[in-house]
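Fit chains B, C and D to the supplied structure of chain A, relying on the hints for placement.
4 protein chains.
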Amino acid sequence: MTTTIKPRSRARDILARDACISPASVYDALSARVAEQVGFGLGLLSGSVASMTTLAAPDLIVLTMSEFAEQVRRIMRVSNLSLLVDADHGYGNALNVMRTVNELEHAGVSILGIEDTVQPQPYAHSGPAGLVSIAEMTGKLRAALAARQDPELVIAARLAGARSEGVEGTVARAKAYAQTGVDALFVVEVDDIEIIRGVSAATTLPLIIGSGAMTALRKELTPLRARILLQGHQPVAAAIKALRGAYEHLYRGGAPAEMKPSIASSAELDELMHADAYTTTRRAYLQ
Amino acid sequence: MTTTIKPRSRARDILARDACISPASVYDALSARVAEQVGFGLGLLSGSVASMTTLAAPDLIVLTMSEFAEQVRRIMRVSNLSLLVDADHGYGNALNVMRTVNELEHAGVSILGIEDTVQPQPYAHSGPAGLVSIAEMTGKLRAALAARQDPELVIAARLAGARSEGVEGTVARAKAYAQTGVDALFVVEVDDIEIIRGVSAATTLPLIIGSGAMTALRKELTPLRARILLQGHQPVAAAIKALRGAYEHLYRGGAPAEMKPSIASSAELDELMHADAYTTTRRAYLQ
Amino acid sequence: MTTTIKPRSRARDILARDACISPASVYDALSARVAEQVGFGLGLLSGSVASMTTLAAPDLIVLTMSEFAEQVRRIMRVSNLSLLVDADHGYGNALNVMRTVNELEHAGVSILGIEDTVQPQPYAHSGPAGLVSIAEMTGKLRAALAARQDPELVIAARLAGARSEGVEGTVARAKAYAQTGVDALFVVEVDDIEIIRGVSAATTLPLIIGSGAMTALRKELTPLRARILLQGHQPVAAAIKALRGAYEHLYRGGAPAEMKPSIASSAELDELMHADAYTTTRRAYLQ
Amino acid sequence: MTTTIKPRSRARDILARDACISPASVYDALSARVAEQVGFGLGLLSGSVASMTTLAAPDLIVLTMSEFAEQVRRIMRVSNLSLLVDADHGYGNALNVMRTVNELEHAGVSILGIEDTVQPQPYAHSGPAGLVSIAEMTGKLRAALAARQDPELVIAARLAGARSEGVEGTVARAKAYAQTGVDALFVVEVDDIEIIRGVSAATTLPLIIGSGAMTALRKELTPLRARILLQGHQPVAAAIKALRGAYEHLYRGGAPAEMKPSIASSAELDELMHADAYTTTRRAYLQ
Chain A
1 MTTTIKPRSR ARDILARDAC ISPASVYDAL SARVAEQVGF GLGLLSGSVA
51 SMTTLAAPDL IVLTMSEFAE QVRRIMRVSN LSLLVDADHG YGNALNVMRT
101 VNELEHAGVS ILGIEDTVQP QPYAHSGPAG LVSIAEMTGK LRAALAARQD
151 PELVIAARLA GARSEGVEGT VARAKAYAQT GVDALFVVEV DDIEIIRGVS
201 AATTLPLIIG SGAMTALRKE LTPLRARILL QGHQPVAAAI KALRGAYEHL
251 YRGGAPAEMK PSIASSAELD ELMHADAYTT TRRAYLQ
Chain B
1 MTTTIKPRSR ARDILARDAC ISPASVYDAL SARVAEQVGF GLGLLSGSVA
51 SMTTLAAPDL IVLTMSEFAE QVRRIMRVSN LSLLVDADHG YGNALNVMRT
101 VNELEHAGVS ILGIEDTVQP QPYAHSGPAG LVSIAEMTGK LRAALAARQD
151 PELVIAARLA GARSEGVEGT VARAKAYAQT GVDALFVVEV DDIEIIRGVS
201 AATTLPLIIG SGAMTALRKE LTPLRARILL QGHQPVAAAI KALRGAYEHL
251 YRGGAPAEMK PSIASSAELD ELMHADAYTT TRRAYLQ
Chain C
1 MTTTIKPRSR ARDILARDAC ISPASVYDAL SARVAEQVGF GLGLLSGSVA
51 SMTTLAAPDL IVLTMSEFAE QVRRIMRVSN LSLLVDADHG YGNALNVMRT
101 VNELEHAGVS ILGIEDTVQP QPYAHSGPAG LVSIAEMTGK LRAALAARQD
151 PELVIAARLA GARSEGVEGT VARAKAYAQT GVDALFVVEV DDIEIIRGVS
201 AATTLPLIIG SGAMTALRKE LTPLRARILL QGHQPVAAAI KALRGAYEHL
251 YRGGAPAEMK PSIASSAELD ELMHADAYTT TRRAYLQ
Chain D
1 MTTTIKPRSR ARDILARDAC ISPASVYDAL SARVAEQVGF GLGLLSGSVA
51 SMTTLAAPDL IVLTMSEFAE QVRRIMRVSN LSLLVDADHG YGNALNVMRT
101 VNELEHAGVS ILGIEDTVQP QPYAHSGPAG LVSIAEMTGK LRAALAARQD
151 PELVIAARLA GARSEGVEGT VARAKAYAQT GVDALFVVEV DDIEIIRGVS
201 AATTLPLIIG SGAMTALRKE LTPLRARILL QGHQPVAAAI KALRGAYEHL
251 YRGGAPAEMK PSIASSAELD ELMHADAYTT TRRAYLQ
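Protein chains in written order, with this note's numbering: chain A, 1 to 287; chain B, 1 to 287; chain C, 1 to 287; chain D, 1 to 287.
These are computed hints drawn from the structure, not numbers from a lab. Keep in mind that a hint or two might mislead.
Heads up, the list lumps identical chains together, so a pair's fine if it works in one copy or across two of them.
To be verified - Once the Cα atoms are required to be at most 20 angstroms apart in a straight line, the calculated EDC-like pairs of lysine to aspartate or glutamate come out as:
(1) K6 - E152
(2) K219 - D13
(3) K260 - D270
(4) K6 - D150
(5) K175 - E136
(6) K260 - D13
(7) K219 - E271
(8) K219 - D59
Here chain A stands alone, though its shape is the one from the complex (with noise of 0.2 angstroms):
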């Protein structure tokens, strides 16, 4: 399992170089190393998925920081992903931040993101979740920072005011953020590319962006220092809708049988679960 590429120096690379990449949504072991096996070198965990996948529950931040980072170890115990997280609001305040950042560096991380919005909703309080503070959040900046242990750990502060701030409030608060020291800067719920113009013209960071209307391609994205773009959780609903077939078939009475086009052969698992250097292993060891 020892590996020439380290996950989070390739992460260091990714954010560095000239080029816009997509992540592997993963959200398991399973997935994990389905993604890896395709060619993915990036992955993403995000909350939302983590909480529906180990939870069956929607992103309203019931899922735990513990149950987050046993999630990320058992994806990083089995691939090489550099594995790019969204830890929310960082379960808390600033101290919980710091919790945050251990708990995820040592689950394996490679890029984590602080998002600046108020979690979880508070009472009487309905719509969008607001903003903290550009004073709150740069505390929690500087409380994941002074955090790390790993320097290659990348620490992105993640945005997501682009809908209630627009392109200006968005821009102060990437100026004062980038000037904590983080690594990366993370916007998401872009609808209109100007908010990317604007950040990308007022800091020198790399930038990763998230999903929104905003319909600009990768080339677009390049020129203005965008290295990561989101593009949504796919994988584990087509991994869903799939299994809801199975079921399906399987529940009407069909028989196992008539599946075999739709499922993973034996030598597909096989080759998914290592099996191979499990043998050798087995041989070199226990024999």
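Frame of chain A; chains B, C and D shown alone:
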């Protein structure tokens, strides 16, 4: 999340009635929810599938009992399935069996099978797993029964020697195991219905039948007291195939939007996450 | 390990009878066993002590709910104590309260207090923790009650505002909290018995009293419906002092044999580990 | 929390220098902090003590590897100790040894011993644990070395056969184990210094010496390349005695205030929790 049917009551009912059904092979919170939504009341978490999905490892007992229990807990936290698990050999000797029963019972299992194989693979042993002696296995089964706290939990003796010991040997084991007071016999690797006929004639317990080359139908097995017939783990293999397709499409630069026909819709995801119930809850307690 | 008295029944009984007792402050499997051996039936795991012993951290809500639940599970796996826990503010909003109740109930808690403080410490706020509004707190309490699966689990409303809101404010809160249907009121930081008199007169629920400068005796508190009086966390502090003495002796090169008078004997350790029961078990199932 | 001395570097240094020291037997975050505060740089978590403190169970391998790793993680999260652990037999066969190395390395262990005993207790076997063959043990050790990711992690071969195989047998094993490339030999249950003389003469590796009836002093052992001498687990036994005293006092109705002389003060607890550092952190990032 309260329900009227309790998982263990349903499991006891399944074993008591005059019918043979097949469980949904599930492996995490998400697959359990999909299976339940489709209509399944009985789920199965096998050691091999748990190892595959949590460790991306082949079925070589490298998963720990704690890791297996955690996966059971994840499933039972979000579903009301009656969960049948194969707890392998009970992860060690009779004392380990007792801890296994304690932990899996606490995690929410309904039917727990302890197998008579020698595990993990002994040094310098190749070929199929050997069997422990009848005396050792009955010690383990009596230990399992003594460790049980909830009398509704079903303890099943899992017989893995059909191929190595044939009808006579398997029947002798079945009789000895039945005398310990276990609730069911779980016969695996059945290539020939004669094994089932023999076990059925020699005992009065309900039977759970594992995979093998046998092609008998449920209607032939029902009169032999077969109540549960395993039929493989297609759903996880279907999810893997779907994941691979999704990652390959995206890795080649395919547009996410093109994947729409092959992925679950937002509405389906919401239904799976019980989004409506969360909305109701938020309205009731958070506004 | 079956017992005749169930922890939650004993807890309900303690709250129902006309007496006021103090719990054993416990913090891990070992301390719980010692407390039980000495005779205690009621245990207490406070958030502060859990944080101290599992994270070596002060009481600043850096412990996650999952970590707290795991510590409860460790205690309840090996003891039959009725465990009272202070689940802080429920680790977030009303949705988080529901998860907290689910996890702690599953882990084996008997009495669970949710507190009305704003936690964790908000940005730019110093001094004692503020209080959430009555509306927010009653939302949390109703959520806790809705999340409970076992009707025997005691849900207590924990009032932390005695110092900041005085008798009148605390009584107003107590009345509002009582109307949600909680089973008990848990009043902390009580410096003056007038607070207890006020709460007692205004409600009919049993009271749990937390530490403060109040010097009232249990016999004065009993007629006010106080059923449980906390009196600090001396045991863990005693263990720490003993540990320091032991490490200092050994670090200075002192002989281990000289420590005999100040350490538990092998026989005591065996009794604590239920060594005899294990020997019986090994004879019964492993020979 | 950054430190200049890395735990594994210190461990390598301890094994390399011409001196023999004894570790602090620790068992949780709190005891590790106390030991470190007293001055210890080397800690020890034995399987027996881990089982006692996390499960209140005797040393019968009922603790799972995951549970053991979690306890290591708790210790290493809050201390900078070089932690020596006895990972028993590696929790199964050579494949399980590999997982054990992976998990314990990740959890932060500095020196990891794999023992040559047959564990857990086989059916119908009483008396001391038997030994696996030299071939099986060298397979396990080679597996452990192959699984190691950080070359600084010390892998030690633990020899438990001094009593059953005497000097000759133990020396033969020591030579064979040394040839696998392990970093140290860990000889336990040593009743007679002749065992150590034999092992020392036949190999060139540093030695770790476990408890037994031997009364040799460190200064006699040092010239034999003994670098670490275990001397029992008094600290946990001291904590237990202190806990019992505390609970008995309180159970009898004794006043908490009377316990002052025998418990750690608030100031001591604050120091142990690094309260000052937390205050500094709160000022820096939360105000």
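Hint check results:
no.	hint	in the structure
1	K6 - E152	both (10 angstroms within a copy, 18 angstroms between copies)
2	K219 - D13	within (18 angstroms within a copy, 53 angstroms between copies)
3	K260 - D270	within (16 angstroms within a copy, 29 angstroms between copies)
4	K6 - D150	both (13 angstroms within a copy, 13 angstroms between copies)
5	K175 - E136	within (15 angstroms within a copy, 36 angstroms between copies)
6	K260 - D13	neither (41 angstroms within a copy, 32 angstroms between copies)
7	K219 - E271	neither (35 angstroms within a copy, 37 angstroms between copies)
8	K219 - D59	neither (31 angstroms within a copy, 45 angstroms between copies)
In terms of the numbered hints stated before, the structure departs from hints 6, 7 and 8, listed from lowest to highest.
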